[in-house]
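**Student:** From just these sequences and the hints, can you work out the full model?
If you're matching them up, the sequences are chains A and B in order. Counting in our numbering, the first sequence runs from 17 upward without gaps. Counting in our numbering, the second sequence runs from 96 upward without gaps.
The reader is advised that the hints may include incorrect statements.
[Said to hold, decoys possible] Cut-off 30 Å, straight-line C-alpha distance, at most; resulting in silico cross-link-like pairs (DSSO-like, lysine-lysine): (1) B:Lys110 with B:Lys454; (2) A:Lys115 with B:Lys194; (3) B:Lys194 with A:Lys137; (4) B:Lys333 with A:Lys137; (5) A:Lys91 with A:Lys189; (6) B:Lys333 with B:Lys361; (7) A:Lys180 with B:Lys361; (8) B:Lys194 with A:Lys177; (9) B:Lys141 with B:Lys347; (10) A:Lys111 with B:Lys338.
[Said to hold, decoys possible] Selected chain A positions facing chain B (Cβ under 10 Å, derived; list incomplete): (11) Leu76; (12) Ala139; (13) Leu164; (14) Tyr185; (15) Gly187; (16) Met188.
[Stated by the list, open to error] Over the 12 Å line for every Cβ pair with chain B, so calculated as not near, a few chain A residues: (17) Lys28; (18) Asn51; (19) Phe61; (20) Glu65; (21) Asp67; (22) Thr85; (23) Lys86; (24) Glu90; (25) Glu125; (26) Glu128; (27) Leu155.
It should be emphasised that the hints constitute simulated quantities derived from the structure, not laboratory data. We put the CB at the ideal spot given by N, CA and C, even for glycine.
Next come the chains, spelled out residue by residue.
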Amino acid sequence: MKTAEEIFNQLKEKFGSSIIELRTDKPVESFIVINPLEIDKICSFLHDENDLLFDSLMNLSGVDDANGTKEKDEKGLETIKGGTLSVYYHIESTKLKHKLTLKTSTPREKPEVVSVTEVWKGADWHEREAYDMYGIVFLNHPDLRRILMPYDWEFGYPLRKDYKNPEFYQGMKVPY
Amino acid sequence: MTQYSIQNTKDSKLKTEEMVLNMGPQHPSTHGVLRLELVLDGEIIKDVIPHIGYLHRCFEKHCEAMTYPQVIPYTDRMDYLASMYNEFGYAVAMERLLKIEVPERVDYIRVIMGELQRIASHLVAIGTYGADIGAFTPFLFCFRDRERILHLFEITCGARLLYNYIWIGGLSHDLHPDFIRLTKEFIKDFRPNVKELNELLSYNRIFIERTANVGVLPLETAINYGVSGPNLRGSGMKWDLRKDDPYSIYHKFDYDIPVGKGEKGKVGDCWDRYYVRVLEMEESLKIIEQAIEQIPEGDVTSAIPKRIKPPEGQIYTRVENPRGELGYFIISDGSLNPARVKVRAPSFVTMQVFGELCKGWMVADVVAILGSVDIVLGEIDR
Numbered sequence: 017m018k019t020a021e022e023i024f025n026q027l028k029e030k031f032g033s034s035i036i037e038l039r040t041d042k043p044v045e046s047f048i049v050i051n052p053l054e055i056d057k058i059c060s061f062l063h064d065e066n067d068l069l070f071d072s073l074m075n076l077s078g079v080d081d082a083n084g085t086k087e088k089d090e091k092g093l094e095t096i097k098g099g100t101l102s103v104y105y106h107i108e109s110t111k112l113k114h115k116l117t118l119k120t121s122t123p124r125e126k127p128e129v130v131s132v133t134e135v136w137k138g139a140d141w142h143e144r145e146a147y148d149m150y151g152i153v154f155l156n157h158p159d160l161r162r163i164l165m166p167y168d169w170e171f172g173y174p175l176r177k178d179y180k181n182p183e184f185y186q187g188m189k190v191p192y
Numbered sequence: 096m097t098q099y100s101i102q103n104t105k106d107s108k109l110k111t112e113e114m115v116l117n118m119g120p121q122h123p124s125t126h127g128v129l130r131l132e133l134v135l136d137g138e139i140i141k142d143v144i145p146h147i148g149y150l151h152r153c154f155e156k157h158c159e160a161m162t163y164p165q166v167i168p169y170t171d172r173m174d175y176l177a178s179m180y181n182e183f184g185y186a187v188a189m190e191r192l193l194k195i196e197v198p199e200r201v202d203y204i205r206v207i208m209g210e211l212q213r214i215a216s217h218l219v220a221i222g223t224y225g226a227d228i229g230a231f232t233p234f235l236f237c238f239r240d241r242e243r244i245l246h247l248f249e250i251t252c253g254a255r256l257l258y259n260y261i262w263i264g265g266l267s268h269d270l271h272p273d274f275i276r277l278t279k280e281f282i283k284d285f286r287p288n289v290k291e292l293n294e295l296l297s298y299n300r301i302f303i304e305r306t307a308n309v310g311v312l313p314l315e316t317a318i319n320y321g322v323s324g325p326n327l328r329g330s331g332m333k334w335d336l337r338k339d340d341p342y343s344i345y346h347k348f349d350y351d352i353p354v355g356k357g358e359k360g361k362v363g364d365c366w367d368r369y370y371v372r373v374l375e376m377e378e379s380l381k382i383i384e385q386a387i388e389q390i391p392e393g394d395v396t397s398a399i400p401k402r403i404k405p406p407e408g409q410i411y412t413r414v415e416n417p418r419g420e421l422g423y424f425i426i427s428d429g430s431l432n433p434a435r436v437k438v439r440a441p442s443f444v445t446m447q448v449f450g451e452l453c454k455g456w457m458v459a460d461v462v463a464i465l466g467s468v469d470i471v472l473g474e475i476d477r
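**Tutor:** Written as structure tokens, this is what we have:
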């Protein structure tokens with residue numbers, strides 16, 4: 017059993033500036049903020065190290081932080097410029113029974129995070145879902161396609177806060 | 096049954112090529128609308144590519160437009176065979192975020208409902224698995240027993256499938272006056288039925304031939320893919336969130352966690368995954384029996400908050416749903432609507448390992464393997 021703080025110090029020693037901060041101010045869950053382009057190395061360290069052994073990825077979830085500048089167009093619909101999209105990783109060790117939350121933020125205009133499918137194969141579909149819903153590109157992912165939306169969906173990423181419905185989809189009026 | 100390795104035909108003069116076969120979206124054994132793209136060498140599976148999303152209803156997008164209590168009916172519609180447990184998980188997550196203590200009676204009723212739901216869900220899994228493989232009688236027997244449980248739910252909250260019963264901080268109704276008596280009767284009648292089911296299906300020679308040694312899931316692979324619930328336990332790991340990450344009042348009861356032992360073949364084969372479910376029903380009965388004896392009196396609606404406005408923050412909470420680890424990741428921005436609700440659906444994660452399981456088996460075995468992992472498409476697609 018290790019606390020988030022102990023793990024944070026251990027990671028900080030090993031990876032230095034890639035480990036950005038430990039957030040404990042928000043109620044309920046504390047998390048460690050990490051550089052999106054180093055996450056695969058950090059995760060494989062967390063997976064392999066003998067006193068950490070994070071062998072299972074519980075959940076991987078994309079989030080729209082909606083922290084950019086908001087503009088309204090002529091129809092009153094909101095568009096967000098700048099800011100970040102985030103990915104949360106909830107990992108656990110089934111052997112040592114400890115859990116950890118990681119967060120990584122990436123710019124909204126060019127969202128890129130390195131894939132962790134090499135470490136946990138179960139991340140595959142979770143990452144495809146995050147790509148499908150938020151447009152976050154997972155570098156080195158073996159098969160990054162849409163998963164829940166139709167493969168020919170070309171109207172953006174539905175879970176972004178500024179998503180707008182298309183007028184027509186394949187000749188059908190959408191807001192019917 | 097044997098697992099085949101792909102023959103090397105390079106030196107032969109026979110012309111061979113791969114064939115792609117579509118299974119689904121409308122196929123009786125896919126339990127919903129799932130399309131499997133099978134890459135075949137003759138009749139042997141080289142690769143399986145699942146195509147999902149036919150039932151996508153934008154659950155997560157809807158949640159962002161709803162207030163917190165309004166999300167509950169939507170959670171019902173994810174895993175429609177285990178709706179009670181979906182509500183249970185969401186309520187537990189929200190109570191941890193809001194730091195609400197629920198009255199003891201509420202916890203007891205939730206556990207009783209949750210375990211009844213687990214039995215009902217496993218009965219569908221077992222019954223349809225038999226039907227997939229060609230034994231139709233057990234299917235009818237299972238649905239006969241499940242009907243009794245659905246009746247118990249109906250007298251409690253008026254609905255048979257989608258309940259909206261477990262609310263944040265409480266329940267929508269107290270128990271029906273007849274509930275305890277009828278549940279006791281059900282338990283008494285159901286025990287011999289499980290024995291009958293074992294004779295009819297579990298120890299049936301044909302059934303064992305079709306399932307033992309087929310689709311073996313090694314434990315390391317299972318953990319790496321994040322497989323959970325009966326499928327993980329079928330591979331021999333004693334892992335159950337009711338004991339390993341306790342929530343509600345499960346610590347008060349005495350019950351076992353059945354694991355696959357490779358009784359009929361290898362550990363982690365289809366038969367093990369199936370049989371873990373049979374044994375789990377017995378354990379659920381034990382929990383219900385104890386809960387009924389201990390249930391205290393009290394008001395089930397007293398802790399329901401009038402206005403739910405959690406502080407800014409986030410939480411990931413998971414519960415042991417009949418299919419495995421059901422997780423809710425909720426981010427609150429301090430307003431009345433959630434900023435993000437992500438559901439970690441057990442079937443969604445389990446479906447990823449399906450291709451690995453099928454490699455080297457025949458087309459007919461795909462049906463046996465798919466039935467043994469027990470997926471619900473409503474939950475995969477959300």
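**Student:** Each of the hints needs a verdict: does it hold here or not?
**Tutor:** Do the hints match the structure? See the list:
1. B:Lys110 with B:Lys454: Cα-Cα ~22 Å, so holds.
2. A:Lys115 with B:Lys194: holds (20 Å)
3. B:Lys194 with A:Lys137: violated (35 Å)
4. B:Lys333 with A:Lys137: holds (21 Å)
5. A:Lys91 with A:Lys189: The hint holds at about 18 Å.
6. B:Lys333 with B:Lys361: holds (17 Å)
7. A:Lys180 with B:Lys361: With a Cα-Cα distance of about 52 Å, the restraint between Lys180 of chain A and Lys361 of chain B is violated, given a limit of 30 Å.
8. B:Lys194 with A:Lys177: holds (28 Å)
9. B:Lys141 with B:Lys347: violated (48 Å)
10. A:Lys111 with B:Lys338: Within the cut-off at roughly 14 Å; holds.
11. Leu76: holds (9 Å)
12. Ala139: holds (8 Å)
13. Leu164: holds (4 Å)
14. Tyr185: Violated, about 14 Å.
15. Gly187: Check failed: Cβ of Gly187 of chain A comes no nearer than 20 Å to chain B, outside 10 Å.
16. Met188: Where the cut-off is 10 Å and the nearest Cβ of chain B is about 16 Å from Met188 of chain A, the hint is violated.
17. Lys28: holds (22 Å)
18. Asn51: Label holds. Min Cβ-Cβ 20 Å, cutoff 12 Å.
19. Phe61: holds (16 Å)
20. Glu65: holds (16 Å)
21. Asp67: holds (18 Å)
22. Thr85: The assertion about Thr85 of chain A holds, with a minimum of 17 Å to chain B.
23. Lys86: Given that every Cβ of chain B is farther than 12 Å from that of Lys86 of chain A, nearest at about 14 Å, it holds.
24. Glu90: holds (23 Å)
25. Glu125: The claim holds: Glu125 of chain A sits with its nearest Cβ about 21 Å from chain B, beyond 12 Å.
26. Glu128: holds (20 Å)
27. Leu155: holds (20 Å)
Comparing the model with each numbered hint stated earlier shows that hints 3, 7, 9, 14, 15, 16 do not hold.
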